[in-house]
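*Asks:* As a plain string of letters, each chain reads:
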Amino acid sequence: MPKVRVVKQESVGTGLYKMVFESPIDLKEKGFMPGQFLHLRPSESYDLLLRRPLSLCMADVEHNVLTVVYRAQGEGTKRLARLAAGDVVDVLGPLGHGFAAVSGDRRSLLVGGGIGVPPLVELGRYLKKQGQSVISVLGFQNKSQAILLDEFAQIGDMIVMSDDGTIGERGLVTGALTEDVLMDVDRFYSCGPTPMLKAVQATMKVFCVPGFLSLEERMGCGIGICVGCVHEISQKGELKYVKTCKEGPVFPSEEVVFS
Amino acid sequence: MIINSEDVDLSLDLFSRRFKNPVMPASGCFSFGREVSMLYDLNLLGAIVVKATTLTERLGNKTPRVAETPSGMLNAIGLQNPGVQRVMEEELPYLRRFDDLPVIVNVAGTAIEDYVEVVKALRDSPDVFAIELNISCPNVKCGGIQFGTDPLVAQEMVRAIKAVASVPVIVKLSPNVTDIVSMALACEEAGADALSLINTVVGMQIDVEKRRPLLANTSGGLSGPAIRPIAVRMVYEVSSRVKVPVIGIGGIMTGRDVVEFMMAGATAVQVGTANFVDPWSCPRIISELAQWCADHGVSRVTDLVGAAKQ
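Line order of the protein sequences matches chains Y and C. Going by the working numbering, the first sequence opens with residue 369, and the numbers climb by one from there. Going by the working numbering, the second sequence opens with residue 78, and the numbers climb by one from there.
With the rest of the complex left out, here is chain C (with noise of 0.2 Å):
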């Protein structure tokens, strides 16, 4: 069978929502949006993931804060971010001339309760579709990984957000665990809407000339391509056991790309480092991800989903 790229259906349902695709970029890799919507139209994407919102001002981390690695990158930024209530206030509503974006707010914090504030401050927000929670940042002392790798901790954390949310809430999973699949499960049980996965895997490098880590935080979190393979095996594996939608990620930086964590069982996909590289990657992505979907006979994208498996 052949067709055009235009005529492959690309679009997706999420939380009784149309998206136009599954393709978003992910939190921490997009800002809040505003400076790659000086280079393209944001309605081309599938939603936003915007830039992880903590209770109070954060200044982040010391530099160096990024570092190359093969094909991949080393980043610990810390969680730079001003803050729930001027994210609500200077940040979001930016995002409302884009009339066809589902906002998602990626959440971080310290403790539970302070997750919990901010979530009820985003109550207020009419611009929030939904809520990732950041339960797997390895950059900031308590930066919400122990809440990503305790099963129990992490059932905690999820049934009070759930409490006080007035939106779908996806959990972000960390891929420095044992079992990934329990914690899968755990926040499942919990109550989450979906899971986002993975983040960063913790890493290092250092400089040998100054006998020292490179990054000033000592360590930091991989991503980019060389992650890819560890993400798809998790998605693949969290996807043959939990009923709720997962969206994967880790190093996507083309269609294929797309086609490989669908096939996985990812429902939707997110792109971080590419954004980087190609401040464009986004689009180009989506195009590649149609035009795939043309040459191989596919007529709807979410036939791809967990075609791996069959």
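Bound conformation, chain Y alone (with noise of 0.2 Å):
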């Protein structure tokens, strides 16, 4: 099994985490996409038995590291967050299909809420390296769920939200998408609790803008042989169930179903 050391482990909000760790895969020679996720044992003792999906926020090529951010909500996430520089974690990954940038794009938008925000970042730093400008569209619970945002304003233009107002703009992230935010938006990349994404899905309907959606369905084995996590997509009028954690996680939103 893959197992590599913690580099370092920080608190960066209520409950939440930033870890970074040794790829278990060399970075520079096998290659990885953002929105990839990283499957992480909690212990190496069978009571809590199953990986933990977290997805791939940071990618360190030189130095071959991976970050996650991450909130610590079950058993199995708070004995991650327990873990701390030289420590050993079994962790397996990049896995599953993430966001690919579409050549001839020249502006982006990212939409992401709450612990869904992590992935886009490496998407955002990714598609600025191609030489597109980026918006983000960030959504919080309050102040102290805020992650990230000196990331992202590096990347290009940025729009928080929270429910409380505490940071931002109080209100949803779909508040935020206007004709003037969207304006010369080629393509969207979203990324968050799926009553969110339901919302960002019909909104750029509307919008006619193109864009991905990151799924989160309950994992098992994160390698395609379980066939716990499917999710219901349309493809050419034909609906089918695709596992999330090959296929996906992340696909066109114009093919996402939601029951």
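Don't take each hint at face value.
[Claimed, not checked] Just some of the chain C residues that point at chain Y, by a computed CB distance under 10 Å: (1) Glu112; (2) Val113; (3) Met115; (4) Leu116; (5) Lys128; (6) Leu136; (7) Pro141; (8) Val143; (9) Glu145; (10) Met150; (11) Ile154; (12) Asn158; (13) Gly301; (14) Pro302; (15) Pro356.
[As the list claims (entries may be wrong)] Here chain Y is said to cover these stretches of chain C; the calculated rule only asks that three of the stretch's residues, wherever they fall, bring their Cβ under 8 Å from a Cβ of chain Y: (16) 99-108; (17) 347-354.
Just so you know, these hints were derived from the structure itself, not from any lab. Glycine residues also receive a C-beta, built at the ideal position from the N, C-alpha and C atoms.
Reassemble the complex: the two chains are provided individually, in unrelated frames, and hints are given to aid placement.
*Replies:* Following this line, the structure appears as structure tokens:
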């Protein structure tokens, strides 16, 4: 099993942690995509059996290290939060099919909500490197949950929304998706809670902007063998289940079906 | 006696074929082998049991389909598979590249006639070494479990399958019965060539925030180390009463766990949930088994079978 060393772990908000660890693969040689995920074992023992999927937030190819930002909510992520520099953690990945930049695009929109925000950092950096201009619309519950704002500020324009108005504008991310904001946007990329993705999908359809959604389903193996994490998509009028861990987690927005 | 782990004989004979070791991935826990074959050479396995196959395509249940439980997990996948024709055309031929890998196809359905049709179709495939009859899936309405809880119905099923099968038939038993020994005896009498046990234990988890069952299917099958003692007890009891080989299944995570099942009377074992935790589980378990035998002066793994009963 691929075991790697934790380089750093720090608290970045109430119940929120940022962990940096060695990559289990050579990033330069094997490559990776923004939007992929890492599958971490919370413990060496078998009491907390399954791995925890955490999205790749930042990849440092030169030092071959990866960063995840996650919420310590359940038993497993709470155990992960106790790891410190020098500790060993069992990591699979990066796994799955991530965000793909589309050639010819000049301006992209990132829409992130809560703990769905992290994977958009690496994507935003990548799009910027491709020469695109990027605008990010980020939504959080409140100020104590707001994360990665410095990183997004360096990527391009940024609009912050919060449920209670303690940071940015009060309201939902879809409230910020106005004609002005969407002007010249060729494509959007979104990750966040399912109700948000649903609303973003509907809004962007109205504005006729194509894009991608990163989905979340309860996952078992992370490599496509348990068929636990399927999501319904529609391709050429045909409804089918696809594996979020293998074919996803990122899908074209127009294909994603929310029941 | 000190021996090296490389010198331990892990092989066994099953259905007149030599298996290089007693460890095979369990149905539904390895898909059709493709994904894991990217990680290691499947020739290392004793055999492979591929995902349950039905007559026609099944989309499976809605999500959530999986949930973690203490030392285990619940699943309610709902037998998602592309149907027997596509399994024969698109999945099984892929496994031909592994020259020493007996392929066991798990067969499921909702009526005896469906099972018979699947088994008849599989006669045309050169890739099938044996069939595992899934009369114990708890996760679909009429998903086979009704055949696995009534000895007379099970017997009728096994007879119908034996009448058309061209390969050995393993019957996979459900633990969700009052008396698994009578189920085992009924299947053996009807002609089962081997028995595999146990399938998952029916369980349930409530999402207390939402005040609803967590799984979309309401209930699911419990697997993992949590069920191992149940499985060991059932293997012990069944293998004490039947003459056909018993394949042990239930929460095997390490080589030590294989030893436990073999001492309880299993001739071979299947590894399920462990593959989800660590995709390299099977080869690791095989080398741990060899090491355990070496450390304990056991030169042939078959010497362990039923050792706890002597």
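*Asks:* Decide, hint by hint, whether the structure agrees.
*Replies:* Quick rundown of the hints versus the structure:
1. At its closest, the beta carbon of Glu112/C sits 5 Å from a beta carbon of chain Y; the interface hint therefore holds under the 10 Å criterion.
2. Given hint, Val113/C at the interface with chain Y, holds; its Cβ is 7 Å from that chain's nearest Cβ, closer than 10 Å.
3. For Met115/C, the interface hint holds, since its Cβ comes within 10 Å of a Cβ in chain Y; the closest pair sits about 9 Å apart.
4. Interface restraint check: Leu116/C against chain Y, minimum CB-CB distance 8 Å, threshold 10 Å, status holds.
5. The beta carbon of Lys128/C is positioned within 10 Å of a beta carbon in chain Y (closest approach about 8 Å), and the interface hint is therefore held.
6. Look at Leu136/C: its Cβ gets to within about 6 Å of chain Y, closer than 10 Å, so that hint holds up.
7. This hint holds: Pro141/C has a C-beta 4 Å from the nearest C-beta of chain Y, less than the 10 Å allowed.
8. Checking Val143/C against chain Y by beta carbon gives a least distance of about 4 Å; that is within 10 Å, so the hint holds.
9. Interface hint at Glu145/C: satisfied, since its Cβ lies 5 Å from the closest Cβ of chain Y, which is below the 10 Å cut-off.
10. About 6 Å separates the beta-carbon of Met150/C from the nearest beta-carbon of chain Y, less than 10 Å, and the hint is met.
11. A distance limit of 10 Å between C-beta atoms decides the matter here; for Ile154/C the minimum to chain Y is near 5 Å, and the interface restraint holds.
12. Taking 10 Å as the C-beta cut-off, the interface hint given for Asn158/C holds, the closest approach to chain Y being about 9 Å.
13. Checking Gly301/C against chain Y by beta carbon gives a least distance of about 5 Å; that is within 10 Å, so the hint holds.
14. Hint on Pro302/C holds. Least Cβ distance to chain Y is approximately 5 Å, under the 10 Å limit.
15. Of the supplied interface hints, the one on Pro356/C holds, with its beta-carbon coming within about 6 Å of a beta-carbon of chain Y, less than 10 Å.
16. A stretch counts as covered by a chain when three or more of its residues have a beta carbon under 8 Å from one of that chain; for the stretch 99-108 of chain C and chain Y the count is 4, and the coverage holds.
17. Under the rule that three or more residues need a Cβ within less than 8 Å of chain Y, the assignment of the stretch 347-354 of chain C holds, with 4 such residues.
Of the numbered hints stated above, none is contradicted by the structure.
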